[in-house]
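Undergrad: Residue-level listing of the chains:
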Amino acid sequence: MLIIDCPHCGPRHEQEFHYGRQAHVAYPADPSALTDEEWAHYLFYRDNPRGPHAERWVHSAGCRKWFNVVRDTLTYEIKAVYRAGEQPPPEYAALARPGAVAGTAPETTKEA
Amino acid sequence: MSYDPRNLPQHPDFLWANPEPKSSYDVVIVGGGGHGLATAYYLAAHHGITNVAVLERGWLAGGNMARNTTIIRSNYLWDESSAIYEASLKLWETIEEDLGYDVFFSQRGVLNLAHTLQDVRESVRRVEANKLNGVDAEFVDADGVRELCPIINTDNLRYPVLGATYQPRAGIAKHDWVAWGYARRAAELGVDLIQNCEVTGFVKDGNRVVGVETTRGRINAGRVGLCVAGSTSTLADLAGIRVPIQSHPLQALVSELFEPVHPTVVMSNHIHVYVSQAHKGELVMGAGVDQYTGYGQRGSFHVIEEQMAAAVELFPIFARAHVLRTWGGIVDVTMDASPIMGRTPVDDLFVNTGWGTGGFKAVPGAGLAYAHTLATGEPHALNAPFSLERFETGALIDEHGAAAVAH
Ligand SMILES: Cc1cc2nc3c(=O)[nH]c(=O)nc-3n(C[C@H](O)[C@H](O)[C@H](O)COP(=O)(O)OP(=O)(O)OC[C@H]3O[C@@H](n4cnc5c(N)ncnc54)[C@H](O)[C@@H]3O)c2cc1C
Ligand SMILES: [Zn+2]
Numbered sequence: 013m014l015i016i017d018c019p020h021c022g023p024r025h026e027q028e029f030h031y032g033r034q035a036h037v038a039y040p041a042d043p044s045a046l047t048d049e050e051w052a053h054y055l056f057y058r059d060n061p062r063g064p065h066a067e068r069w070v071h072s073a074g075c076r077k078w079f080n081v082v083r084d085t086l087t088y089e090i091k092a093v094y095r096a097g098e099q100p101p102p103e104y105a106a107l108a109r110p111g112a113v114a115g116t117a118p119e120t121t122k123e124a
Numbered sequence: 124m125s126y127d128p129r130n131l132p133q134h135p136d137f138l139w140a141n142p143e144p145k146s147s148y149d150v151v152i153v154g155g156g157g158h159g160l161a162t163a164y165y166l167a168a169h170h171g172i173t174n175v176a177v178l179e180r181g182w183l184a185g186g187n188m189a190r191n192t193t194i195i196r197s198n199y200l201w202d203e204s205s206a207i208y209e210a211s212l213k214l215w216e217t218i219e220e221d222l223g224y225d226v227f228f229s230q231r232g233v234l235n236l237a238h239t240l241q242d243v244r245e246s247v248r249r250v251e252a253n254k255l256n257g258v259d260a261e262f263v264d265a266d267g268v269r270e271l272c273p274i275i276n277t278d279n280l281r282y283p284v285l286g287a288t289y290q291p292r293a294g295i296a297k298h299d300w301v302a303w304g305y306a307r308r309a310a311e312l313g314v315d316l317i318q319n320c321e322v323t324g325f326v327k328d329g330n331r332v333v334g335v336e337t338t339r340g341r342i343n344a345g346r347v348g349l350c351v352a353g354s355t356s357t358l359a360d361l362a363g364i365r366v367p368i369q370s371h372p373l374q375a376l377v378s379e380l381f382e383p384v385h386p387t388v389v390m391s392n393h394i395h396v397y398v399s400q401a402h403k404g405e406l407v408m409g410a411g412v413d414q415y416t417g418y419g420q421r422g423s424f425h426v427i428e429e430q431m432a433a434a435v436e437l438f439p440i441f442a443r444a445h446v447l448r449t450w451g452g453i454v455d456v457t458m459d460a461s462p463i464m465g466r467t468p469v470d471d472l473f474v475n476t477g478w479g480t481g482g483f484k485a486v487p488g489a490g491l492a493y494a495h496t497l498a499t500g501e502p503h504a505l506n507a508p509f510s511l512e513r514f515e516t517g518a519l520i521d522e523h524g525a526a527a528v529a530h
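Those protein sequences? They're chains E and R, same order as listed. Okay, so the first sequence: first residue is 13 according to the numbering used here, each after it adds one. Okay, so the second sequence: first residue is 124 according to the numbering used here, each after it adds one.
Worth flagging that the hints you see were computed from the coordinates, not collected in a lab. No false leads were slipped in.
Now the stretches of chain E that chain R is said to cover, found in silico as 3 or more residues with beta-carbon under 8 angstroms:
no.	stretch
1	30-40
2	52-62
3	86-92
Take a look, some chain E residues computed to stay more than 12 angstroms from chain R by CB distance:
no.	residue
4	Asp17
5	Cys21
6	Ala45
7	Lys77
Glycine included, C-beta positions come from ideal geometry on N, C-alpha and C.
Using the sequences and the accompanying hints, generate a full structural model.
TA: As structure tokens, this is what we get:
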């Protein structure tokens, strides 16, 4: 079980939270301009790294606010917690660009 | 089956050789789990392609293949799914003769419980869909459930059991023996099974893959087929492609050994547990995935705790059973709870992934279809609908109802 340090409530058990998958996936600026491929990547493709991952969590049984976490998916260690709308700490800046790992995501899904 | 299943025969010391890798193969399969081994066997047995290597970073079946709860069934909702899972179930019915090897396939049936009115409606719909697809299925009420599995508590629990779907031909097998059976036959037919050989990169000529880099050197390949389950994204990153996969920890546990008390397989999506009794007598239980992505091959204690609470509510006689072992595997989950099998954006690189929490049952059918794909470069009719392109065309195969928590 993870202990997650909610930026609003402090450390609580993982069972109080729900997982919201990859963070920093922006809604496309002009959805109708997307190709089918770009739309597929926006809807269905998320990074799945073995290592640090920027992801959203919601404190469902507490303040009910969404926030961001950088978590290592191999050790399950939480590296950083920051509020919705904020950027990850500088050493994890690349994680705010989904698709950057393989460098293959269509441009529209790469934006923070 | 010629043995007392609770007193298994001794194995010979070696069932396959441990060859040095050659410099080049017609087909290189990455991953020596059930899917990789079955694919190698069908490539050799059905297509006469024997210049094949299976590259496994650890030991054969050290991944999900020998960590699963071995449930085999074909009662999925959609035509595409029931086609491939039913083809697989038919292969399970002859696998022991085909491989000349016991895998202890036991068709003891599966009950998928319904605990709410919505569950009942979904179940009846799935039973009717199954019948139209020639899959054996019936809906039984709570009395029928108790008749098939007398130890179930149907009334005195938070979500009473209202009924269940029943597939009599479903069952379990011994997963390690399945891997060994395929490995042994594939090796006899000329396939090189190479353990302790991790693929660390891909060799490309333009957009075509022509080989792999490994911890035991470069190996050239005519075609490369990925069968790496939870590691698919990691390998896809190395190949410069993206796959719509999220890897999650999934756990299971066994109890100490008991006399036979549980005659069938029981699964409950609603209260998140599934239970059978292994041949030797352990109660085998699994639950849902951990909510977050992870590669740690372990899961959270509270998931196990919840699954045991559900098991004890459903089977009060399990209350005094002791847990012997718990473990986790890393499962490859797609957004529509269906697998991905076929071409990738890189020429001659193929992928078989996305089986998530339920790919053990598919080992024979998927192996057969994937071997066809690797032999011909074209999908088999069984895997054509499960292409990577479906995420672009929108032709998703949503099996959350039949696959969500369970298998
Ligand atoms: C707890 C649990 C319970 C389950 N219960 C069921 C069930 O009841 N019924 C059912 O149908 N399914 C079940 N499943 C799912 C099923 O086990 C999987 O879908 C299936 O085993 C995946 O295919 P596989 O056997 O080929 O995978 P694996 O056995 O995981 O094989 C993949 C192999 O690839 C290797 N590999 C990874 N990276 C590399 C690399 N870079 N180089 C070389 N090799 C590499 C790994 O070491 C591994 O051996 C369960 C899974 C788990 C974890
Ligand atoms: Zn909070």
